[in-house]
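Assemble the complex: chain A is given as a structure, and chain B must be docked to it using the hints.
There are 2 protein chains.
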Amino acid sequence: MEKRRIFKTLLSIEDAKNKLLQYYTPKPLDFEYTDLEFVYGRVLAEDIFSPIDVPNFDRASMDGFAVRAEDTFGADEDKPIELNIIGKIDTGEKPIISVNKGEAVEIGTGAAMPKGADAVIMVEYTERFGSKVFVFKSVTPNENVITAGSDIMIGELVLRKGQLITSKEIGVLAALGLRKVKVFKKPRVAILSTGNELTPPGNPLEYGKIYDINTYSIAGAVIECGCEPIIMGVVKDDWKDMENKLKEAFKIGDCVITSGSTSAGVGDLIYKVIDSLGEPGIIVHGLAVKPGKPTIIGMINGKLFFGLPGYPTSAMIIFRLIVQPILTKLSGLSEGFTEANLEAKVAQKIFSTKGRREYLPVHIVMDEKGEYNAYPILTGSGAITTFALADGFIEIPEEIAIIDENEKVTVKLITPKLRLADLVIIGSHCVGVDILVNCLREIQSSFTAKIINVGSLGGLHAIKRGEADLSGIHLIDESSGEYNLPFLKTPDLLGKAVLIKGYKREQGLITAPGNPKKITSISDLIRDDVTFINRNLGSGTRILIDRYLKIYAEEQGISFNELKSKISGYNTIAKSHSAVAASIAYGKADVGVGIRAVAEYYKLHFIPLANEQYDFVTLKNKLQKKSVKSFIDMLSSNFFKEELNKRAPGLITDSETGSIIDINM
Amino acid sequence: MEKRRIFKTLLSIEDAKNKLLQYYTPKPLDFEYTDLEFVYGRVLAEDIFSPIDVPNFDRASMDGFAVRAEDTFGADEDKPIELNIIGKIDTGEKPIISVNKGEAVEIGTGAAMPKGADAVIMVEYTERFGSKVFVFKSVTPNENVITAGSDIMIGELVLRKGQLITSKEIGVLAALGLRKVKVFKKPRVAILSTGNELTPPGNPLEYGKIYDINTYSIAGAVIECGCEPIIMGVVKDDWKDMENKLKEAFKIGDCVITSGSTSAGVGDLIYKVIDSLGEPGIIVHGLAVKPGKPTIIGMINGKLFFGLPGYPTSAMIIFRLIVQPILTKLSGLSEGFTEANLEAKVAQKIFSTKGRREYLPVHIVMDEKGEYNAYPILTGSGAITTFALADGFIEIPEEIAIIDENEKVTVKLITPKLRLADLVIIGSHCVGVDILVNCLREIQSSFTAKIINVGSLGGLHAIKRGEADLSGIHLIDESSGEYNLPFLKTPDLLGKAVLIKGYKREQGLITAPGNPKKITSISDLIRDDVTFINRNLGSGTRILIDRYLKIYAEEQGISFNELKSKISGYNTIAKSHSAVAASIAYGKADVGVGIRAVAEYYKLHFIPLANEQYDFVTLKNKLQKKSVKSFIDMLSSNFFKEELNKRAPGLITDSETGSIIDINM
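Heads up: the protein sequence lines correspond to chains A and B, in order. The numbering of the first sequence is our numbering, which starts it at 37 and goes up by one. The numbering of the second sequence is our numbering, which starts it at 37 and goes up by one.
Just chain A, with the same shape it has in the complex:
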């Protein structure tokens, strides 16, 4: 067996950062001048002292007449003072007349005050007769005049180096008349992915390969740090290819980031290549954290190198912990701008390994009290869904083995701004839910929903924990044959949760178009020439499938286990109706169980088995939540019923749809 590289000294995040700082002080690299039009989002590279007074002349702040204030003293409604109008000054015009005793000049808002005048009498307090004006009110010196430099004075320090330029700062720069703005150059970050199994998106996927994810998500994260990503693509695990690509990357990038091939496993090529490219080479090699152990940090002739783990979630966590703080310093952005933390309660007990720091992805739900709850996502750092669901992650220190439910933790957000969904729906998948959410967005375009498909039982669990606002379920009680309501009669839910009546769904066997294998009933599943696609445990459809199979096993006089072993594909699991339909559409299976709406969407054959009841569950105290109310209102509306009819054949509403059943009553 080939020699394996061992991580000898795993460093903590802090030690790794400190070690890097011995070699490198991250700070903005260079500056450039950018036109005011394109300066949005950049970072100022110099202190801005005002080159002018703003305004740079005394300016009328009202429409009226420019006068000498003392000429108006004593004027009132009964005793107006008469002045001679000697001219007019329009806004933007350079005044050439002077105002002497007893004179007035007509003036517009923003116009320059004429010499001699020191106040403006508003037009409302005057009456004009030809070249005379009667003034019905006295004014004091400087009244209705914005004096030169009163806003910003020449020489004033108005904006500081390091300031992020937003619409506000652009306004200030414009006010000073600055056209070219000295900003920090965006650092160029070259990004490569390594691994023979990687295929760039957009190309056909060969067997055994996966798409390159990290290049693109890292590029996005690099943009968030105020840097410019340069996508260099996929590098093979081959000395020559890696050496060439890395050489090029160090040539064009101020910093180089790779992902993958850093584990102490099959290949340790990248270490050797980096070390061969320059000094000092690799300086950090392996971190005492999970995930993220296979992380390397290096420097080649003054340029930074980060080798991130290959798993997408691990790569993003390490990026956030180590790379982002450095890139934001290179770009001149303060880290505070790209970083955001929030305090949350842990929603369920978490177990960790002592002696290694762990980072656990979580998603965030706000509860009724306005507090954030963090739900650990346990699908693993290899899964792209982990990454897609996560709002952030929490740090579990080395010495901690257990975090109790409700303990307070700090969540590091993945993107600076948390966007909480208006409505969190966790439960069984149904196209009806998608249609309902689309209806809500039709009338309120900003409406957002987070829909997590975990099956009916998982949904009820999420309701108990307060995680879900709503859960769609379709669970049949084996003893009574009744749908859903019996499942609310548990100690956790009784009296706390209510059922919101949904709609009937036609469930059936789904086969390829034209039903080429002539499948007619559940008994065909044991045929040798038939491959089945099953549903996940905890889903209502799985309960339905197993119920039918148990009945059939009894009829055949064999055990349920024996029957299961005869069904090819019984252990192949799809997580949603659509996934079942897609499996059949793409020829991966011959038959599955699902709803008519999805079968028709995929233009597949449908053999009805049963009408089941699909309902929603919520906690009583969520009934007052605005988005839950909107959801129930929409469920009861004719608009939704019509949309459902049109777009989801086999989903059937009735007069009970939208009504609330409180089993306490």
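Check before you lean on any hint, since a few could be wrong.
[To be verified] Coverage of chain A stretches by chain B, computed from C-beta distances (three or more under 8 Å per stretch; other residues unrestricted):
1. 69 to 78
2. 140 to 150
3. 239 to 249
4. 256 to 266
Derived by calculation from the structure, the hints in this document are not laboratory data. Everything numeric in this text was worked out from a predicted model, so none of it was measured. All C-beta atoms in this analysis are idealised placements derived from N, C-alpha and C, irrespective of residue type, glycine included.
For chain B alone, kept in the frame of chain A given last:
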């Protein structure tokens, strides 16, 4: 006098929005396909169903040997099971071998499982001898295998229409192999400023003109709404010019925004031009809000028109209230993404006008309890500094005349993310403070300070209210001649505030280089050929100036008022030392009073008058705040002293610098 347009029906913001909705339903205009590399920050224009399984083959999740799980049953440390190695599968390779009973295949993490094998035994639990491997642990079926579709299944709905694409979503799109992404087209927003007084930044400023601010700040705000700004520049108040520019704007823009010329004042050209361009023309004309009354909304042949007020602050407030909600709908972004509100306590009593809704710019300071405090900015909506200082604004409803101190209000933030400064310094201006902040940023690049120059007395007031973390002051007690400490002996501050010793500053008369007017002392200020530049009331320097002038008046046997009237420029006010120096450097004045450091920076002549003591004040309960501690540490450090010596001649530290004086003691 020319006919003036009167705002007849001023609408509320809500009525204005509703009126607009009768004519127009804001929604995304069109879509386009964008390459994955450039899709960051865009908005998905379709639901994304996965076209593939992720992974699309069974995948080893560990380095080791692919085996049939049942072959390993019973294996342990003492009783290893021997298997024949029949080959090797590298990551990315399509397996061609099958694993039969008693066989194993060497496999790398991420590689495709060979036919026949259903588990991977980790390399750590094996020992290899030539073509044999000993297995020291049993594995169960699917152990260390990521099954096909277990992450994302073909047909699954993974991302929804309307989703903002960040690094996370890019990762998901890449995982599915999607290269071209259907996103909403960015709406094009044409922006013009109107007014004869406007000069585009970058051009010399003629007398009576000001720079065009709104075009550029509106362009920035348009970017924040996910739209593309098209800068059309300045339009004169001239029918032909306005008609041509607006016609062009409606041709190239999906929406047109102007600012200025909308007041019912001098010109009402823009109304007539808009009405002449198409149907229905202007539909909202004047709002019952302050500021923002002169706002117009129109539609020309299906395209939106917004005419914003000319004052920068008014324009931005109306943009935020009316334009932003619509532009975010056009771009497909949800409003929630660009909008952010926060709850804050009002820091001082606010008076408003009943019967008109008011919007008041505020800046936000976080107090010790972590609560936000909103400080009204009262410089007026004409001032660009109002705009620059404001973090957001509060709404004061029509029926409210007074908001009491500590009342809770909702602050609408100007940019989605509030960046609170680490340290708020309000008080007298000193270059030493700028140098100290730069020192802090030298060692902690993300350090941010908000420095507001309001003079020494204003600083003490801000300390009282808890608004400032620190205040720099230099106030001489006329009776004792002692600096600063006496001013902490007020009921508000005694026992609550402490003095932090700063440094001495050499104050003196500043004149043009070479002192062409031969000014030698304060007595020269009354010379006819000398123009003075004074400092603002409340500044320590102003107190010093007036102290010297009073002494001189006494010597001359005239009243202080009489002396003042003899000084040309006594009423001309600069707000900072730099502003005084700049006035002299640019020839606006002959002499002013300021510190040596600034005089030397501007290469001006300096005549010493006095050494004054510049100290800092903070509240005792702020001494524990991290940024205050860092500030005091830096003030005491040799690093700062050296920087000060080098960069600010005339600022002199001593052994007391950085020591804390608690006058309770």
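Results for each hint:
1. With a threshold of 8 Å between beta carbons, the proposed coverage of the region 69 to 78 of chain A by chain B holds, since 4 of its residues qualify and at least three are required.
2. Using a Cβ-Cβ cut-off of 8 Å, 5 residues of the region 140 to 150 of chain A lie near chain B, which meets the minimum of three, so the contact claim holds.
3. Here the region 239 to 249 of chain A counts 10 residues with a CB under 8 Å from a CB of chain B, which clears the bar of 3, and the coverage holds.
4. Residues of the region 256 to 266 of chain A lying with their CB closer than 8 Å to a CB of chain B number 4, which satisfies the three-residue condition for coverage.
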